Amino acid sequence: MMNNTSAHAVKERPVTTLDQKPSRAEGRKDPWSQLLEKVGKHQDRQAYHALFEHFGPQIKYYAMANGMSSHAEELVQEVFVSIWRRSCLYDWRKAAASTWIFTIARNQRIDMLRKMKRTSAEIQVETEDLWQIPGDNEDEPVTSLHRLMSERRVRDSLRHLPEEQITVIAKVYMEQKSHQMVADELDIPLGTVKSRVRLALNKLKVILQDQNV
Amino acid sequence: MTRHHPDSLMLMEYSAGNLSEPHALCIRLHLDKCAHCRSRVDALDSLGAVMMEQQSQVSVSESTFDSILARIDSEPAPQPTPRTPPRSPLSKLLGDDLDGLPWKRQLRDVSVLDITDRFPGQKDQVILQKLCAGGKAPAHTHRGEETTLVLQGAFSDNRGVFNQWDFVVLGQEDEHKPVALEGDDCITLSVLSAPLKLTGTFGRLLNPFIR
Ligand SMILES: [Zn+2]
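Chains as they are written, first to last, in the working numbering: chain A, 1 to 213; chain B, 214 to 424.
In case anyone wonders, no lab produced these hints; they're calculated from the structure.
Among the hints, a few may not be true.
Computed beta-carbon distance windows for the label pairs [as the list claims (entries may be wrong)]:
1) Ser69/A to Ala346/B: 50 to 60 Å
2) Gln365/B to Arg93/A: 27 to 37 Å
3) Lys115/A to Pro299/B: 14 to 24 Å
4) Leu306/B to Lys115/A: 10 to 20 Å
Computed footprint of chain A on chain B, listed as stretches where at least three residues anywhere in the stretch have a Cβ under 8 Å from a Cβ of chain A [stated by the list, open to error]:
5) 276-288
6) 308-321
Given the structure is predicted, the values throughout are model-derived calculations rather than measurements.
From the three backbone atoms N, C-alpha and C, an ideal C-beta is built for every residue, glycine too.
Only chain A is shown next, with the shape it has when bound in the complex (with noise of 0.2 Å):
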């Protein structure tokens, strides 16, 4: 199902190009999140299709990656949809515009699959019940430092992260993969998935303490 995709998910990561495209720069607007506050306060169509020329290639590659090729351009109709319909609640203090829009990728795509598998009347507990978008939460105090960096600190130490950790990452991200299904299908322990993520996290330093009870 998910052969094809699959492969390339892994072998053609561009990883030098993530420096042209914009990036998110310390307690400045990126270039997507200006766009993405336009297309909020004043329903502005030419930035909501700047964002959709840019993003709607991810989501859809998104769909496919994790075996949805034949529901990858509605994926793409469902998020844009998402996206205009919230934009007025996008606050880019409390998330970077390619966080929130993967946090609504990931939530619709959850969402759909729940819908394909279940009537609505048997789905108790809806999807954002579950999985919150970042700045929902109107009680969140904007903003730390720490928030507004972290997009591109990901961004600058993934760049030197062996290659066996990131493949890691991207399938567990993009291929929906456990690490269980992560270390079956690489054919390594459980064990040794955990510690390349556990590896990586560091260095991404996206773990602020981790506390293992």
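Following the hints, put chain B with the ligand in place on chain A, whose structure we already have.
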């Protein structure tokens, strides 16, 4: 004050959207009360965004954009309405009176309520357990992995004290004998990937799978 958090690997599975619904609920309820983990998840969501960005070339047709425009044109313009305070996913699921739920008493100190049927189409067993204030649960181990979130009160075991919104994952090797702190009944939400294993005499009674 919350002190027991999910580990980064589990938060990553959450951020990637790979957890089962009951596991995601445990994480979500913890996140609602834990700024520390929220910022960890924010960073992981950023990682997701950067991963999504590295796609190989695919194109989306302009006609898709036309369909999107047709859909948004058929809806009223989005309004930045003042939102009512969101209702917690927990109250939506269980109401606001946890004590008033149809608990099944299993031991002097222990009541259980199985809510697996609220999550149709998935394999995990989801149970609420109530240990009355100061009460003791019999010693037991876990055949599979048990993810627990404290919803009310607090309990202690050989690992320490678990307060409201604390998060703990117990595996096969973990035998424990939880004791509820005085003052309030301790209510936990547990997601079990496999049935509990019995060690003590009363284990059989506690175990909701063997009746
Ligand atoms: Zn936490």
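Outcome of the hint check:
At about 55 Å, the beta-carbon gap between serine 69/A and alanine 346/B stays in the expected band of 50 to 60 Å. For the hinted restraint 27 to 37 Å between glutamine 365/B and arginine 93/A, the CB-CB distance of approximately 34 Å keeps it satisfied. Separated by about 22 Å at the C-beta atoms, lysine 115/A and proline 299/B satisfy the suggested range of 14 to 24 Å. Remark: the range hint 10 to 20 Å for leucine 306/B to lysine 115/A is upheld by a beta-carbon distance near 19 Å.
Counting residues of the stretch 276-288 of chain B whose CB falls under 8 Å from any CB of chain A gives 8; the rule of at least 3 is met. Chain A is given as covering the stretch 308-321 of chain B, and this is violated because 0 residues of the stretch bring a CB closer than 8 Å to a CB of that chain, at least three being needed.
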